[in-house]
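Number of protein chains: 2
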Amino acid sequence: MDERIEVSVLIDFYGNLLTDKQNKIMNLYYNEDFSLKEISEITNTTRQAVYDIIKRCHKLLVQYESKLQIMNKDLELKKAKKQLIDRLNKLKSRQSDELYDNIEEIKQYVIDNI
Amino acid sequence: MDERIEVSVLIDFYGNLLTDKQNKIMNLYYNEDFSLKEISEITNTTRQAVYDIIKRCHKLLVQYESKLQIMNKDLELKKAKKQLIDRLNKLKSRQSDELYDNIEEIKQYVIDNI
Chain Z
7 MDERIEVSVL IDFYGNLLTD KQNKIMNLYY NEDFSLKEIS EITNTTRQAV
57 YDIIKRCHKL LVQYESKLQI MNKDLELKKA KKQLIDRLNK LKSRQSDELY
107 DNIEEIKQYV IDNI
Chain X
7 MDERIEVSVL IDFYGNLLTD KQNKIMNLYY NEDFSLKEIS EITNTTRQAV
57 YDIIKRCHKL LVQYESKLQI MNKDLELKKA KKQLIDRLNK LKSRQSDELY
107 DNIEEIKQYV IDNI
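Sequences listed follow chains Z and X, in order.
Heads up, the first sequence is in the working numbering, so the first residue is 7 and it goes up one at a time.
Heads up, the second sequence is in the working numbering, so the first residue is 7 and it goes up one at a time.
Next comes chain Z alone, as it looks inside the complex (with noise of 0.2 Å):
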């Protein structure tokens, strides 16, 4: 993934866990991508402290995913949601005749993913 998108999905999980302060800065900075000099004049904050607060956090918010995984599992869960869909498409298309064994490996990948 992209850095730049990672922060970015990386604030929507753990912004919470940051300050309002910290939150807004990096809002601006990773999703609305306002330059450091216009972030220090919409916080009345200076472009050094900005930069800090956005480097800090950076590593913040990498350190809460390699600790809680909400992010990782969060894209597993989706890969998982997209198989599941796809196999029950399949299976709409097969004969009847198959179904029992196509249900049950269904169930099977349900239990082992989701």
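No lab work stands behind these hints: they were computed from the structure.
Mixed in with the good hints there might be a few duds.
Which copy? The list can't say, so a pair holds if one copy fits it or any two copies do.
[Unchecked claim] Cross-link-like lysine to any residue pairs, in silico, SDA-like; alpha carbons within 25 Å at most: (1) Lys-88 - Asn-29; (2) Lys-84 - Thr-51; (3) Lys-73 - Thr-49; (4) Lys-73 - Glu-38; (5) Lys-61 - Asp-92; (6) Lys-85 - Arg-10; (7) Lys-30 - Asp-92; (8) Lys-84 - Val-15; (9) Lys-27 - Lys-43; (10) Lys-27 - Glu-82; (11) Lys-98 - Asp-80; (12) Lys-27 - Lys-73.
Go by the hints and put chain X onto chain Z.
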């Protein structure tokens, strides 16, 4: 959920955000059912300090859950998984002429809930 069980589950989800010592004390207290006195001896910490750590970490874990909702989302997902398996079992026992609609219904359930 019983409070003791709830804290035990919260330790599973958020224990990595605690320090090693905090994590150890919380596990000894909530998962292995040791007394404050026993934990004090095992960890070479005063009984009062053990008590304070348990109280502070309990509060921390509840705060993490209120901000991230990992436990709550996991419970919802477990419910959805059970629902999905129930629906597949039902589908298996039905006549095949109802099959198409039933599968569409399950797909919609996956789209809305997983």
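Structure-based check of all given hints:
1. Lys-88 - Asn-29: Answer is neither: 31 Å inside a copy and 36 Å across each miss the 25 Å cutoff.
2. Lys-84 - Thr-51: neither (39 Å within a copy, 45 Å between copies)
3. Lys-73 - Thr-49: between (30 Å within a copy, 24 Å between copies)
4. Lys-73 - Glu-38: For Lys-73 and Glu-38, the Cα distance is within 25 Å only across copies (23 Å; inside one copy 27 Å).
5. Lys-61 - Asp-92: neither (41 Å within a copy, 48 Å between copies)
6. Lys-85 - Arg-10: Intra 22 Å, inter 34 Å, cutoff 25 Å: intra-copy only.
7. Lys-30 - Asp-92: neither (39 Å within a copy, 44 Å between copies)
8. Lys-84 - Val-15: both (14 Å within a copy, 24 Å between copies)
9. Lys-27 - Lys-43: Within one copy only: 16 Å inside, 42 Å across.
10. Lys-27 - Glu-82: neither (31 Å within a copy, 31 Å between copies)
11. Lys-98 - Asp-80: neither (27 Å within a copy, 29 Å between copies)
12. Lys-27 - Lys-73: Both ways: Lys-27 and Lys-73 sit 23 Å apart in one copy and 16 Å across, limit 25 Å.
In this structure, the earlier hints numbered 1, 2, 5, 7, 10, 11 are contradicted, and the remaining ones agree with it.
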